[in-house]
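J.: Single-letter residue listing:
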Amino acid sequence: AQSVTQLDSHVSVSEGTPVLLRCNYSSSYSPSLFWYVQHPNKGLQLLLKYTSAATLVKGINGFEAEFKKSETSFHLTKPSAHMSDAAEYFCVVSGGSGAGSYQLTFGKGTKLSVIP
Amino acid sequence: GAGVSQSPSNKVTEKGKDVELRCDPISGHTALYWYRQSLGQGLEFLIYFQGNSAPDKSGLPSDRFSAERTGGSVSTLTIQRTQQEDSAVYLCASGRPSGQNYGYTFGSGTRLTVV
Chain A
1 AQSVTQLDSH
11 VSVSEGTPVL
21 LRCNYSSSYS
31 PSLFWYVQHP
41 NKGLQLLLKY
51 TSAATLVKGI
61 NGFEAEFKKS
71 ETSFHLTKPS
81 AHMSDAAEYF
91 CVVSGGSGAG
101 SYQLTFGKGT
111 KLSVIP
Chain B
1001 GAGVSQSPSN
1011 KVTEKGKDVE
1021 LRCDPISGHT
1031 ALYWYRQSLG
1041 QGLEFLIYFQ
1051 GNSAPDKSGL
1061 PSDRFSAERT
1071 GGSVSTLTIQ
1081 RTQQEDSAVY
1091 LCASGRPSGQ
1101 NYGYTFGSGT
1111 RLTVV
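Which chain is which? The protein sequence lines are A and B, in order. If you count by our numbering, then the first sequence holds residues 1 to 116, one letter each, in order. If you count by our numbering, then the second sequence holds residues 1001 to 1115, one letter each, in order.
So that you can see chain B by itself, here it is in the shape it has in the complex (with noise of 0.2 Å):
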């Protein structure tokens, strides 16, 4: 597709369910990021894959996150046991090898309710 891609668009989940969140980004961009965008907190960095390389995820909060993306191109990620602090709305970029010379593409991100 044109842009990047994420799904579902909302999700609303009971506290201590498991949540997946998938990103399909754009066609031939190796760099992608996760960012979760909160009530008052701003734009946090979550993990960022690029190309074949080990992924960073030193932004990850807990061990109750987790991330992967397949075949260099669709990512998923996992929240286990979701408290209601996870609630916020989770965005996607992906972006060119040299991404800051050219900015990144953000999905419209997945709002996700934890009840």
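Next up, chain A with everything else stripped away, as it sits in the complex (with noise of 0.2 Å):
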């Protein structure tokens, strides 16, 4: 069984300052993971991903993530927010034996606001 665990509901940063979304998963085997955004009224967008090759992600408008398996995070960040950054975040996780390995299984979320 695998899951995911985003610490924070909710997280409010000043722009330009740095932005840290945590997350955390749980897996069995090695998993591919994840992390989507969703503007409001707006369907998901893959923001970036982990698959087993290098273990620092970059992707997206600046984001990018660090896997560490010792700690089994996946924690999201980027250098500056902007405002178009405001948004929900989901860190998901996918991969593993059996049937569901392919399911993707989504935390549950963290709304990030960015103060002017």
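Because the hints were derived from the structure by calculation, they are not lab data. One thing to keep in mind: the hints can contain errors.
[As the list claims (entries may be wrong)] Okay, the calculated beta carbon distance ranges per label pair:
id: 1; chain 1: A; residue 1: I60; chain 2: B; residue 2: E1020; range: 31 to 39 Å
id: 2; chain 1: B; residue 1: T1113; chain 2: A; residue 2: K69; range: 25 to 33 Å
id: 3; chain 1: A; residue 1: S14; chain 2: B; residue 2: A1054; range: 48 to 56 Å
[What the hints assert, rightly or not] Below are the EDC-like pairs computed for lysine to aspartate or glutamate, each with C-alpha atoms no more than 20 Å apart in a straight line:
id: 4; chain 1: A; residue 1: K42; chain 2: B; residue 2: D1024
id: 5; chain 1: A; residue 1: K108; chain 2: B; residue 2: E1044
id: 6; chain 1: A; residue 1: K111; chain 2: B; residue 2: E1044
id: 7; chain 1: B; residue 1: K1015; chain 2: B; residue 2: D1056
id: 8; chain 1: B; residue 1: K1017; chain 2: B; residue 2: D1063
id: 9; chain 1: A; residue 1: K108; chain 2: B; residue 2: E1085
id: 10; chain 1: A; residue 1: K111; chain 2: A; residue 2: E64
id: 11; chain 1: A; residue 1: K111; chain 2: A; residue 2: D85
id: 12; chain 1: B; residue 1: K1011; chain 2: B; residue 2: D1024
id: 13; chain 1: A; residue 1: K42; chain 2: B; residue 2: E1044
id: 14; chain 1: A; residue 1: K111; chain 2: A; residue 2: E15
[Unchecked claim] Some, not all, of what chain B presents toward chain A, calculated at C-beta under 8 Å:
id: 15; residue: G1016
id: 16; residue: L1043
id: 17; residue: Y1104
Treat the numbers as computed from the prediction; the structure is a model and nothing was measured. Built from N, CA and C at the ideal position, the CB exists for glycine as well.
Take each chain as given, in its own frame, and dock them per the hints.
T.: Shown next as structure tokens:
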């Protein structure tokens, strides 16, 4: 079985300051990990993915995430927040073995607010 | 098209009526998922199609829910005798066979409101 815990339901940052959205996962096997972003009334957009290659993954819009197996974490960061980053962010795990290994298991989401 | 297309974008229906939600995946994507996003509930897996294999229906919440995928392309999610708790955004995603290595593309969803 696999699971994802997003440690903060809401994060608020000032424009131009760093962003840190935390995610811990649980998976019996080497997982694939994703971050998706959802702007209000929009669909889910893939920000970045980890698939057992480099542990530091760069995504779109200046976001990156680091896979740390020892900590079972996949935190999302950005050096400088922009107003357009205000959205809900989902950490997602996939992989493992057996039935359902292809399923995407979503965290409950972190709502990011950016203060001007 | 370039993305996953879902229709309708919004649907308001009366309790007890049947509804059909449509998903048109990206051409060449053999994997297709339906998820449900309810307020305060996060994203819930409903059903998975992969090529010609039997679908994984383990996430369907009741026998009022069914889905099919014709010709390995377009998928329809049907909800019979809708209930108010069915109100949610229904999201479709498609991907390549080893989609977990590439990620999945989601449509904009169908917002279903049962009144």
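J.: State for each hint whether it applies.
T.: Do the hints match the structure? See the list:
1. The hinted range of 31 to 39 Å is satisfied by A/I60 and B/E1020, whose Cβ atoms lie roughly 34 Å apart.
2. In this structure the supplied range 25 to 33 Å is violated for B/T1113 paired with A/K69, their Cβ-Cβ distance being about 43 Å.
3. About 51 Å separates the C-beta atoms of A/S14 and B/A1054, a value consistent with the hinted range of 48 to 56 Å.
4. Between A/K42 and B/D1024, the direct Cα distance comes to roughly 17 Å. Compliance with the 20 Å bound is thereby established for this hinted pair.
5. Pair hint A/K108 plus B/E1044 holds up; C-alpha atoms about 10 Å apart against a cutoff of 20 Å.
6. Simply put, A/K111 and B/E1044 have alpha-carbon atoms about 18 Å apart, close enough for the 20 Å limit, and the pair holds.
7. At roughly 27 Å between alpha-carbon atoms, B/K1015 and B/D1056 are farther apart than 20 Å, so this suggested pair is violated.
8. Between the alpha carbons of B/K1017 and B/D1063 the distance comes to roughly 15 Å, so the proposed pair stays at or under 20 Å and holds.
9. Straight-line distance between C-alpha atoms of A/K108 and B/E1085 comes to about 19 Å, which keeps the hinted pair within the 20 Å bound.
10. At roughly 17 Å between alpha-carbon atoms, A/K111 and A/E64 fall within 20 Å of each other, so this suggested pair holds.
11. In summary, the hint linking A/K111 to A/D85 is supported, as the alpha carbons are separated by about 10 Å, within the 20 Å threshold.
12. For the hint pairing B/K1011 with B/D1024, the CA-to-CA distance comes to about 17 Å; that is within 20 Å, so the pair holds.
13. For the given pair, A/K42 sits about 17 Å from B/E1044 by alpha-carbon distance, which is consistent with the 20 Å threshold.
14. With a C-alpha separation of about 15 Å, the suggested pair A/K111 and A/E15 falls inside the 20 Å cut-off, and the hint holds.
15. With 8 Å as the threshold, the beta carbon of B/G1016 stays out of range of chain A, its nearest partner Cβ sitting at about 27 Å, so the hint is violated.
16. At about 4 Å, the closest approach between the beta carbon of B/L1043 and any beta carbon in chain A falls short of 8 Å, and the interface hint on this residue holds.
17. For B/Y1104, the suggested interface contact is upheld, since its CB lies about 7 Å from the closest CB of chain A, less than 8 Å.
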